[in-house]
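So the protein lines, in turn, are chains A and B. Mapping of the first sequence onto UniProt numbering: residues 1 to 87, in sequence order. Mapping of the second sequence onto UniProt numbering: residues 1 to 87, in sequence order.
In case anyone wonders, no lab produced these hints; they're calculated from the structure. Model, not experiment: these values are computed from the prediction. Some hints here could point you the wrong way.
Restraint-style ranges between C-beta atoms, simulated for each label pair [to be verified]:
| id | chain 1 | residue 1 | chain 2 | residue 2 | range |
| --- | --- | --- | --- | --- | --- |
| 1 | A | V43 | B | E57 | 35 to 41 angstroms |
| 2 | A | E57 | B | E57 | 22 to 28 angstroms |
| 3 | B | V43 | A | A40 | 39 to 45 angstroms |
| 4 | A | K79 | B | R66 | 22 to 28 angstroms |
| 5 | B | A15 | A | K16 | 27 to 33 angstroms |
| 6 | A | K23 | B | K79 | 22 to 28 angstroms |
| 7 | A | S38 | B | K12 | 37 to 43 angstroms |
| 8 | B | K16 | A | A47 | 35 to 41 angstroms |
| 9 | A | R51 | B | S38 | 39 to 45 angstroms |
| 10 | B | V43 | A | K44 | 38 to 44 angstroms |
| 11 | B | K72 | A | R22 | 21 to 27 angstroms |
| 12 | A | E11 | B | R13 | 18 to 24 angstroms |
| 13 | B | S38 | A | N10 | 33 to 39 angstroms |
| 14 | A | A47 | B | K12 | 33 to 39 angstroms |
Restricting the straight-line Cα-Cα distance to at most 35 angstroms, the calculated cross-link-like pairs of lysine-lysine (DSBU-like) are [stated by the list, open to error]:
| id | chain 1 | residue 1 | chain 2 | residue 2 |
| --- | --- | --- | --- | --- |
| 15 | A | K44 | A | K79 |
| 16 | B | K12 | A | K19 |
| 17 | A | K72 | B | K12 |
| 18 | A | K46 | B | K23 |
| 19 | A | K46 | B | K80 |
| 20 | B | K19 | A | K79 |
| 21 | B | K72 | B | K46 |
| 22 | B | K46 | A | K79 |
| 23 | A | K19 | B | K72 |
| 24 | A | K12 | B | K79 |
| 25 | B | K80 | B | K16 |
| 26 | B | K12 | B | K46 |
| 27 | A | K44 | A | K16 |
| 28 | B | K79 | B | K16 |
| 29 | A | K23 | B | K79 |
| 30 | B | K12 | A | K46 |
| 31 | B | K44 | B | K19 |
| 32 | A | K44 | A | K12 |
| 33 | B | K16 | A | K80 |
Heads up, the beta-carbon is just placed ideally off N, CA and C, and yes, glycines get one too.
There are 2 protein chains.
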Amino acid sequence: MFVIVVYDFNEKRVAKALKICRKYLHWVQNSVFEGEISQANYVKLKAELSRLIDPEEDSVVFYIFRTKRYSKREEMGLKKGGDENIL
Amino acid sequence: MFVIVVYDFNEKRVAKALKICRKYLHWVQNSVFEGEISQANYVKLKAELSRLIDPEEDSVVFYIFRTKRYSKREEMGLKKGGDENIL
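Using the sequences plus the hints, can you model the full thing?
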């Protein structure tokens with residue numbers, strides 16, 4: 001399956017959140033990640049984030065798609081995704 | 001078409017960015033918006049955001065889908081989307 005993950009973590013935890021997400025997904029920009037992921041790894045990703053998250057301060061949204069790809073991605077402004085988003 | 005928009009604006013401009021996106025889309029959480037949008041309105045949305053954005057500081061990612069809906073959305077932690085995200 002294909003997922004898009006968007007998070008908003010307090011700066012105390014954001015570096016760890018980035019590290020966790022990069023283990024499983026491609027870093028698109030800022031707090032946005034995407035990629036093909038197995039169901040097993042998706043469960044692991046959520047488990048790792050749920051151990052990190054402070055539910056009073058942080059939030060994560062997961063979009064799960066059966067189809068492999070969105071039609072199109074467009075970007076505006078600053079790019080922070082690094083080289084790894086060139087697939 | 002169906003779009004997901006994720007932005008990261010400097011706090012000086014974030015209130016305006018929120019206002020622009022809410023004109024066209026549903027506020028999901030934090031900096032995440034989604035919704036059905038016509039091609040004409042999508043062009044307007046991008047034009048308004050491009051007038052606001054400081055490309056040295058801010059960024060926006062647009063995911064465009066031909067199909068009406070993602071398979072599933074899951075959330076973790078804080079919800080900031082307000083009532084309007086109950087479709």
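Consistency of the hints with the structure:
Our hint of 35 to 41 angstroms for V43(A) and E57(B) holds, since their Cβ atoms are close to 36 angstroms apart. Separation of E57(A) from E57(B) is about 23 angstroms and conforms to the stated range, judged on CB atoms against 22 to 28 angstroms. The hint said 39 to 45 angstroms for the Cβ distance between V43(B) and A40(A), and at roughly 41 angstroms that hint holds. Between K79(A) and R66(B), the C-beta spacing of about 25 angstroms keeps the proposed range 22 to 28 angstroms intact.
With their beta carbons about 29 angstroms apart, A15(B) and K16(A) fall inside the hinted range of 27 to 33 angstroms. Distance hint check: the CB atoms of K23(A) and K79(B) are about 26 angstroms apart, consistent with the given range 22 to 28 angstroms. The supplied range of 37 to 43 angstroms is met by S38(A) and K12(B), whose beta-carbon atoms lie about 41 angstroms from each other. For the pair K16(B) and A47(A), the beta carbons lie near 37 angstroms from each other, so the given range of 35 to 41 angstroms is met.
Restraint check, R51(A) to S38(B): a C-beta distance of roughly 42 angstroms satisfies the suggested window 39 to 45 angstroms. Range check, V43(B) to K44(A): Cβ separation about 40 angstroms, and the 38 to 44 angstroms hint holds. K72(B) and R22(A) have their C-beta atoms about 23 angstroms apart, which keeps the hinted 21 to 27 angstroms range intact. Hint check: E11(A) to R13(B), Cβ distance near 19 angstroms, so the stated range 18 to 24 angstroms holds.
As the Cβ distance of S38(B) to N10(A) is approximately 37 angstroms, the hint placing it in 33 to 39 angstroms holds. For the hinted restraint 33 to 39 angstroms between A47(A) and K12(B), the CB-CB distance of approximately 37 angstroms keeps it satisfied. Only pairs whose Cα atoms come within 35 angstroms are accepted, and K44(A) paired with K79(A) is accepted, the gap being roughly 28 angstroms. Annotation: proposed proximity of K12(B) to K19(A) holds, straight-line Cα distance about 28 angstroms (limit 35 angstroms).
For the proposed pair K72(A) and K12(B), the alpha carbon gap of about 29 angstroms is at most 35 angstroms, so the pair holds. About 32 angstroms separates the Cα atoms of K46(A) and K23(B), which keeps this hinted pair within 35 angstroms; it holds. A distance of roughly 20 angstroms separates the Cα atoms of K46(A) and K80(B); the hinted pair therefore holds under the 35 angstroms criterion. Taken as a hint, the K19(B) and K79(A) pair is honoured in the structure, with Cα atoms around 23 angstroms apart against an allowance of 35 angstroms.
Under the criterion of a C-alpha separation no larger than 35 angstroms, the hint pairing K72(B) with K46(B) is consistent with the structure, at around 26 angstroms. Note on K46(B) and K79(A): the hinted pairing holds, with a Cα-Cα distance of about 17 angstroms set against a maximum of 35 angstroms. Our distance criterion of 35 angstroms between C-alpha atoms is met by K19(A) and K72(B), whose separation comes to about 24 angstroms. As the CA atoms of K12(A) and K79(B) are separated by approximately 19 angstroms, the hinted pair is consistent with the 35 angstroms bound.
The hinted pair formed by K80(B) and K16(B) meets the criterion: a straight-line CA distance of about 17 angstroms does not exceed 35 angstroms. Between K12(B) and K46(B), the direct Cα distance comes to roughly 19 angstroms. Compliance with the 35 angstroms bound is thereby established for this hinted pair. The suggested pairing of K44(A) with K16(A) holds, with an alpha-carbon distance near 15 angstroms, which does not exceed 35 angstroms. Between K79(B) and K16(B) the CA atoms are separated by roughly 20 angstroms; this keeps the pair inside 35 angstroms, and the hint holds.
About 25 angstroms separates the Cα atoms of K23(A) and K79(B), which keeps this hinted pair within 35 angstroms; it holds. Between K12(B) and K46(A) the alpha-carbon distance is near 32 angstroms, which keeps this suggested pair within the 35 angstroms criterion. A threshold of 35 angstroms between alpha carbons decides the hint, and for K44(B) with K19(B) the separation of about 14 angstroms falls inside it, so the pair holds. Between K44(A) and K12(A) the CA atoms are separated by roughly 22 angstroms; this keeps the pair inside 35 angstroms, and the hint holds.
Proximity of K16(B) to K80(A) is assessed by CA-CA distance (about 22 angstroms); at most 35 angstroms being required, the pair is judged to hold.
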